[in-house]
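Chemist: For reference, the chains in residue letters:
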Amino acid sequence: MTVPRPPRGTRELLSAGILAGPALLLLLATMLLPVLAVFVIAVTDWQFGAGHLSFVGLDNFVALFGDAVFRASITNTVLYVCLVVPATVGLGLALALLIESCGRLRAFYRAVHFLPYMATLAAMAVVWEALLHPTIGVVNRTLQGLGWPVANWLRDESTVLPTLAVIGIWQGLGFALVLFLAGLKAVPRDLYDAAEVDGADGTLDRLTVVTLPMLGPVTMFVVIVTALRAFEVFDTVRILTEGGPAHASEVLLHTLYVESFEYLRTGYGAAVTIVFLLIVMVLTLLQAKVMDRRVHYS
Amino acid sequence: MSAGVVLDRVSKRFGTESVLADVSLEIRDGEFLTLLGPSGCGKSTLLRIIAGLEAQDAGSVFIAGRRADRLRAKERDIAMVFQTYALYPHLTVAENMALPLKMRRMCLAQRLPGIGRLWPGRKAVARSIRDDVAATARALEIAHLMHRKPGQLSGGQRQRVAVGRAVVREPSVFLMDEPLSNLDAKLRVVMRAEIKQLHQRLGATILYVTHDQSEAMTLSDRVAVMHRGTLAQVGTPQAIYADPENLRVAEFVGSPMINTLSAIVASPSGVVLDGVALPLRTGLPAGGAVTLGLRPEAVSLAPAPGAGLLNGTVRLLEHMGAELLVHVALDGGETLTAKLDVARAGLVAVGRAVAIRPHLDQVLVFAADGRRLRCADHGGAVPASRGARA
Ligand SMILES: Nc1ncnc2c1ncn2[C@@H]1O[C@H](COP(=O)(O)OP(=O)(O)O)[C@@H](O)[C@H]1O
Ligand SMILES: [Mg+2]
Numbered sequence: 025m026t027v028p029r030p031p032r033g034t035r036e037l038l039s040a041g042i043l044a045g046p047a048l049l050l051l052l053a054t055m056l057l058p059v060l061a062v063f064v065i066a067v068t069d070w071q072f073g074a075g076h077l078s079f080v081g082l083d084n085f086v087a088l089f090g091d092a093v094f095r096a097s098i099t100n101t102v103l104y105v106c107l108v109v110p111a112t113v114g115l116g117l118a119l120a121l122l123i124e125s126c127g128r129l130r131a132f133y134r135a136v137h138f139l140p141y142m143a144t145l146a147a148m149a150v151v152w153e154a155l156l157h158p159t160i161g162v163v164n165r166t167l168q169g170l171g172w173p174v175a176n177w178l179r180d181e182s183t184v185l186p187t188l189a190v191i192g193i194w195q196g197l198g199f200a201l202v203l204f205l206a207g208l209k210a211v212p213r214d215l216y217d218a219a220e221v222d223g224a225d226g227t228l229d230r231l232t233v234v235t236l237p238m239l240g241p242v243t244m245f246v247v248i249v250t251a252l253r254a255f256e257v258f259d260t261v262r263i264l265t266e267g268g269p270a271h272a273s274e275v276l277l278h279t280l281y282v283e284s285f286e287y288l289r290t291g292y293g294a295a296v297t298i299v300f301l302l303i304v305m306v307l308t309l310l311q312a313k314v315m316d317r318r319v320h321y322s
Numbered sequence: 101m102s103a104g105v106v107l108d109r110v111s112k113r114f115g116t117e118s119v120l121a122d123v124s125l126e127i128r129d130g131e132f133l134t135l136l137g138p139s140g141c142g143k144s145t146l147l148r149i150i151a152g153l154e155a156q157d158a159g160s161v162f163i164a165g166r167r168a169d170r171l172r173a174k175e176r177d178i179a180m181v182f183q184t185y186a187l188y189p190h191l192t193v194a195e196n197m198a199l200p201l202k203m204r205r206m207c208l209a210q211r212l213p214g215i216g217r218l219w220p221g222r223k224a225v226a227r228s229i230r231d232d233v234a235a236t237a238r239a240l241e242i243a244h245l246m247h248r249k250p251g252q253l254s255g256g257q258r259q260r261v262a263v264g265r266a267v268v269r270e271p272s273v274f275l276m277d278e279p280l281s282n283l284d285a286k287l288r289v290v291m292r293a294e295i296k297q298l299h300q301r302l303g304a305t306i307l308y309v310t311h312d313q314s315e316a317m318t319l320s321d322r323v324a325v326m327h328r329g330t331l332a333q334v335g336t337p338q339a340i341y342a343d344p345e346n347l348r349v350a351e352f353v354g355s356p357m358i359n360t361l362s363a364i365v366a367s368p369s370g371v372v373l374d375g376v377a378l379p380l381r382t383g384l385p386a387g388g389a390v391t392l393g394l395r396p397e398a399v400s401l402a403p404a405p406g407a408g409l410l411n412g413t414v415r416l417l418e419h420m421g422a423e424l425l426v427h428v429a430l431d432g433g434e435t436l437t438a439k440l441d442v443a444r445a446g447l448v449a450v451g452r453a454v455a456i457r458p459h460l461d462q463v464l465v466f467a468a469d470g471r472r473l474r475c476a477d478h479g480g481a482v483p484a485s486r487g488a489r490a
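Keeping their order, the protein sequence lines are chains A and B.
Counting from 25, one number per residue, gives the positions in the first sequence under our numbering.
Counting from 101, one number per residue, gives the positions in the second sequence under our numbering.
Mixed in with the good hints there might be a few duds.
[To be verified] Simulated pairs of lysine-lysine, PhoX-like, Cα-Cα distance not exceeding 25 Å:
1) 249(B) <-> 202(B)
2) 313(A) <-> 286(B)
3) 223(B) <-> 286(B)
4) 296(B) <-> 286(B)
5) 174(B) <-> 202(B)
6) 286(B) <-> 209(A)
Just so you know, the hints here were simulated from the structure itself, not pulled from any lab data.
Between the sequences and the hints, there should be enough to build the whole structure, so can you do that?
Modeler: If you want it as structure tokens, here you go:
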């Protein structure tokens, strides 16, 4: 007999390890390590560029939830999401139904509504700023002309968040619309025929019997993606308001940015990041679960 | 009047393409009539016009003696079974079957989710619907599937549910658009028998669309053969098979396909095929071209070459169990398929020369334009099995 060969299981494990190794390493280095680093930094008092750091346990988190700015930031973000998601989904669906039923010019409408989604928001924010200018902006001029009350939209604590939400809706609408249009296209024509023969031939009946149920999966997807994007709102806030006035438009990502890169409180910023990651993760898991359970028909 | 369907010169075009041209047809009360034709000939369009899902450009549709042209689909007292079944994927089997009843028996307020339950009288209606659905489900043996979604059913079960959704309403006319074409061959034969039984049990009028001639032949009281938007022939399955009006019907019906051989008219009472004189009366002047239609079972093997026999060489043998298909290349260049009793297998082998005897009484003669020539009056010209033509 020659050299005893290792048992089959070990050999397979070995070759599997060799084959998967490089990809695994890459994954570790690019994905998991940074996240791990964030977790480590979050329990220290490290300041960016500082030569020393010490372990502070959960102090950063305690400080975080004791911080009025952070609490305002969380509240504002949730409020923003609650404004943007239903409006984007509702308007997107309504527009998709309208465009689908009008038939002609479908491609044109689709393109027009999709433009904001494709445009760089930084550039578009400038346009919004001009539109919303308290004295020379088109919005206030128009309101004035109609004899309606005007506002300093981006500088007033009570209007700034709804105004940002409107911009967020404007930006996300095209995305929702395109997905809904695709979803409508995918509804089998036979189902409408069957519904018609079965007696469901009114607009409302067609909607409730065929269209809306068949759009269930798409709607779920649009809701989750829109919510995720709304949670990540940053560029409009940064460019138009910088979280002001008086933190009335402070949102999570903006807080994170300011703490980490302006105040250089890296440990504190890492703690904000972890809170943010948790929210996003919960949403993503929710999406996976709901998509699997409720709205998959086959 | 009866619960049949009458089509009066129905025409339809899509853009510039004429899909149906002057289709007139009467489907009698309680009849099982099949629309048979190749894909794209307009069968589904005709069915959809009858259902009210498509509007005809000209002509009228009468259902149960009522002019239906201005009626919407739900007012026509018809039910339809779709090729794709078109079950609502988000509803259970029970809900799928209940939907047409709900739409009919409940008012809008009662159908509303949630608050509809509070509406007076809903409970009694809901119970009547539940009972009717349960009864239909029992009859179709799908009672154990009631709480599943269509996605959790096999093809055959879906098909049954689709039929159930149509039956539960008790319409006077059923329209079925290739309902078996998505099933595998074995299941198709089973479901075919079930549909036949359903027809016998309900006594309803059924208009059934298929491109499968075996379905048409086995199921129907009468078959309407469609070709490019017109009806080529309407008749009993036997009549369509044994006594076709034209070459196209003869070619479309029958498996294996009818043999078509070109022949020259030698005299009003004789033709020449591959140099073989056959005493077939055409009534045409000498020199004209005709096509002879020979069913594979309308020929037999002759022991030796002789007068009135076609000579050729065996090219291919196909054993079909009780029968043997012999593909023969005739000396004149044409090919012919003969269906023989398998007991004759010893007489043929690939490459062997054979003599084929056409049964003159079963030869179908067609003019150059495909029209059937019926003036053949030699002995026994008319097959005994010939049925009544519509
Ligand atoms: N909605 C439509 N628009 C344009 N052409 C159509 C439409 N429906 C069917 N046709 C055309 O009409 C012809 C007949 O179609 P159909 O009735 O579905 O045939 P079959 O059911 O016999 O296969 C086909 O050539 C098809 O392309
Ligand atoms: Mg069809």
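Chemist: Each of the hints needs a verdict: does it hold here or not?
Modeler: Against the structure, the hints:
For the suggested pair residue 249(B) and residue 202(B), the alpha carbons sit about 18 Å apart, so the restraint of at most 25 Å is met. With a C-alpha separation of about 39 Å, the suggested pairing of residue 313(A) with residue 286(B) is violated against the 25 Å cut-off. This hinted pair does not check out: residue 223(B) and residue 286(B) have alpha carbons roughly 43 Å apart, beyond 25 Å. Taking the CA atoms of residue 296(B) and residue 286(B), the gap is near 16 Å; set against the 25 Å cutoff, the hint holds.
A C-alpha spacing of about 13 Å is found between residue 174(B) and residue 202(B), which places the hinted pair at or below 25 Å, so the restraint holds. A distance of roughly 34 Å separates the Cα atoms of residue 286(B) and residue 209(A); the hinted pair therefore is violated under the 25 Å criterion.
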